[in-house]
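**Student:** Guided by the hints, dock chain B onto chain A, whose structure is given.
Protein chains in written order, with the working numbering: chain A, 5 to 686; chain B, 1076 to 1177.
Worth flagging that the hints you see were computed from the coordinates, not collected in a lab. One should not assume that every hint holds.
In silico DSS-like pairs for lysine-lysine, Cα to Cα no more than 25 Å straight-line [to be verified]:
#  : chain 1 : residue 1 : chain 2 : residue 2
1  : A       : Lys-655   : B       : Lys-1176
2  : A       : Lys-600   : A       : Lys-613
3  : A       : Lys-464   : A       : Lys-384
4  : B       : Lys-1173  : B       : Lys-1162
5  : B       : Lys-1101  : B       : Lys-1173
6  : B       : Lys-1162  : B       : Lys-1176
7  : A       : Lys-386   : A       : Lys-460
8  : A       : Lys-58    : A       : Lys-514
9  : B       : Lys-1176  : A       : Lys-654
10 : A       : Lys-386   : A       : Lys-114
11 : A       : Lys-654   : B       : Lys-1173
12 : A       : Lys-655   : B       : Lys-1173
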Amino acid sequence: MDFSTYQILSFLILPLVSFVILIFVRSSVAIKSHFIALPLIGLMLINSISILFKSLQDHHFTLKQSFQWFSTGEFMINLGYYVDNVTAIMLVVVSLISFLVHLYSIEYMKGDLRYSRYFAFLGIFTFSMNGIVISDNLIMMYIFWELVGFSSYLLIGFWFEKHSAAYASKKAFLINRIGDIGMFIGIMILFFSIGSFNINDIIRGVEAGNNINYSLLTISGLLVFMGAVGKSAQFPLHTWLPDAMEGPTPVSALIHAATMVAAGVYMTFRIFPFLTPDALLIIAFIGGITALGAAVIAITQTDIKAVLAYSTISQLGYMVMALGVGAHQAALFHLVTHAMFKACLFLCSGSVIHAMHHSLHSLNDHHTDPQDMNNMGGLKVKMPLTYYTMLVSTLAISGVPFFSGFLSKDAILAGTLSYYHIHHGLTIFLPIAGFGAAMITAFYMFRLIFKTFHGKPASKNVFNHMKESPLAMTIPLVILSILSLAFVFTININPLHGHGWLTHHIGYIKHVAGLNMHEVQDGLHHAHNSAMFISLLVAFFGIVISSLFYLLNKVDVERTTTFFNKFKLYDLSKNKFYINEFYDFILYKPFMRISKIASIIDWDYYDQKFIDAWGWITLKISNLSGKADYSILDQKIVDGVSHLTNYSSKKLRNIQSGIIQNYLLGGFMCLVLIIIVIQQFN
Amino acid sequence: MHYLESYLVVSSILFTFGIFAVITRKNAIAILMGIELILNSANVNFIAFNRFGNFEILDGHIFSIFVVVLAAAEAAIALAIIINLFKNIGTVNVDEAKVLKG
Chain A
5 MDFSTYQILS
15 FLILPLVSFV
25 ILIFVRSSVA
35 IKSHFIALPL
45 IGLMLINSIS
55 ILFKSLQDHH
65 FTLKQSFQWF
75 STGEFMINLG
85 YYVDNVTAIM
95 LVVVSLISFL
105 VHLYSIEYMK
115 GDLRYSRYFA
125 FLGIFTFSMN
135 GIVISDNLIM
145 MYIFWELVGF
155 SSYLLIGFWF
165 EKHSAAYASK
175 KAFLINRIGD
185 IGMFIGIMIL
195 FFSIGSFNIN
205 DIIRGVEAGN
215 NINYSLLTIS
225 GLLVFMGAVG
235 KSAQFPLHTW
245 LPDAMEGPTP
255 VSALIHAATM
265 VAAGVYMTFR
275 IFPFLTPDAL
285 LIIAFIGGIT
295 ALGAAVIAIT
305 QTDIKAVLAY
315 STISQLGYMV
325 MALGVGAHQA
335 ALFHLVTHAM
345 FKACLFLCSG
355 SVIHAMHHSL
365 HSLNDHHTDP
375 QDMNNMGGLK
385 VKMPLTYYTM
395 LVSTLAISGV
405 PFFSGFLSKD
415 AILAGTLSYY
425 HIHHGLTIFL
435 PIAGFGAAMI
445 TAFYMFRLIF
455 KTFHGKPASK
465 NVFNHMKESP
475 LAMTIPLVIL
485 SILSLAFVFT
495 ININPLHGHG
505 WLTHHIGYIK
515 HVAGLNMHEV
525 QDGLHHAHNS
535 AMFISLLVAF
545 FGIVISSLFY
555 LLNKVDVERT
565 TTFFNKFKLY
575 DLSKNKFYIN
585 EFYDFILYKP
595 FMRISKIASI
605 IDWDYYDQKF
615 IDAWGWITLK
625 ISNLSGKADY
635 SILDQKIVDG
645 VSHLTNYSSK
655 KLRNIQSGII
665 QNYLLGGFMC
675 LVLIIIVIQQ
685 FN
Chain B
1076 MHYLESYLVV
1086 SSILFTFGIF
1096 AVITRKNAIA
1106 ILMGIELILN
1116 SANVNFIAFN
1126 RFGNFEILDG
1136 HIFSIFVVVL
1146 AAAEAAIALA
1156 IIINLFKNIG
1166 TVNVDEAKVL
1176 KG
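Only chain A is shown next, with the shape it has when bound in the complex (with noise of 0.2 Å):
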């Protein structure tokens, strides 16, 4: 093994090292874990970037390796890891947010009960997640894959005793489950029909064209992407992202907003060369409704974890639309971006949320909900770091110039555009998606920022006990609002302008099977200009609309709230379109029905009724038995042998009287009797 194997493995072994020590640490020590879990994942950090500056350096960079795990048969399967220019952004991306997470945590974490296993949980998750980003096959992928479900599960419910947070890490990571069934499911035809787990071979392969056909991989195509479906909460599935807020916020910040949930974009981004045209059209539609539904259902929630909850899926939507039209690049340029900016908003609002609980705290109030944006106000002057950093990254998800999310979201936009310009009729949907959930994104983080950091605070009291977040927390936020950026992806000083170096460095595939990569490429190329256009006006109209409500006061938001519910438009969105009701109704309820049903069937009836009948009717055969055994051939036929044999010896015995001339009358008498019965018989 040379050097940079033993560099790749490190992603692998450094989180797994911080795991092992800190699970096992004593508790007296477990104060000081992050003295084990932060150089460790530093060191990471640091290698990940040595591995960019060399992709950067090199065109063709690439790094292999693989070995057979096992074999049975014709059955082979191998681990290995391919390391290209994306995987080393990736690599990048996760290593930078698990280093300012790891940072974050100290502060934010300070005095929990499970301090040492918070950071093992960060540690395993990370391990999990550079699995999946250096995996070079499907099934080692789905190994990993399987680990972040299970480590965002620990993480998500890490403060279980409230029964909110149990409850959503089962939720979680059941519905993920579901789309890990349906991924497997793809893996497995795509095994058996192309004969190789790799996913570069099952690409050639399907250059190659030969065994398979098109619907077989159009399905196994969508197979896959429904594990992508599950783990970035695309819309039938999204529903468990929004209650996995209830973990830690800075691990929403890691796991549920910038890495975990951008894992199955990146597994789409490594799948996409072999996906076919209606695979993409349905992931694009998948993607449009996801991005437009999630936007809408972000109006009108209060908690501020909730609303960016509800932002990541839109956003998640975006990059998946972005797949699905054929702008993979954009694709991995939102994922890059959305996990610095979302990151830096998650990691604001915790900053928030620790200033609220420690006001509310003080005040020996527990009943007022930290999170509620309701219960905030005015916290400008109070937090002007934790203020001034989530205006930065708030600009950059709204889409404005000069911010990293401008660039990213506008070149998605122009990829939308440019389908529909290609395929037409119902495929305008996935521009209005776009352009509509752009507003409206641009119309809830203004919200969320007026509500919060504007007007007045909602409660006198608890504003004078806020204060701003100590270093170890505003320096991870000051770090990702400068990579909220536009320049520090472009390096270039117009503004407008989106191919800087992060774009060229992702590179572009030529051969796809679903689409005709150049023509897509010159359909971007002409969009490009409309969609700035339309993307710069959009979002200016949400922060104005934004503004007038929450800001300027202009228009009476009740009064606008009761216009919207006399067609039932506020409750809709407020309550999430009904979508976890739905499920509720279509799917727990009768499953809890089927279940109460079938319980009461086994425990009413076969249990009690049948088994216990069993029961019944042998104790009685035992019973009938038993007086049969002791009372019939105990008591009458062997006790009656005995007794008969008694009672006749005792008859027989007078027979020896000791008087012989008895027994000679008897053997005289015997005689004659012989005598008499021999004259008769001859």
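**Tutor:** Below, chain B without anything else, positioned relative to chain A:
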């Protein structure tokens, strides 16, 4: 008057008296006498059958002499037993000798 039946009748009467004496007498010596009667009835039979059976040889006569000798020996042993019985239980009444009663 030389008929076999008349001899057999005499011997039967003798046998019956002998059996009767053996079964009913209480005195051991009387029983012994009964036994003598039975043996002699057998002797009468032996001689009668030999006389009327047209046998060349005198087997019946020889046999009856054997029986007389046997009876003498038997009487000697029986008397010895009776003397011992008398020594042990002080009587010759056989009803008293019932140690073997079940």
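**Student:** Which constraints among the numbered hints does this structure fail? Numbers only, ascending.
**Tutor:** none
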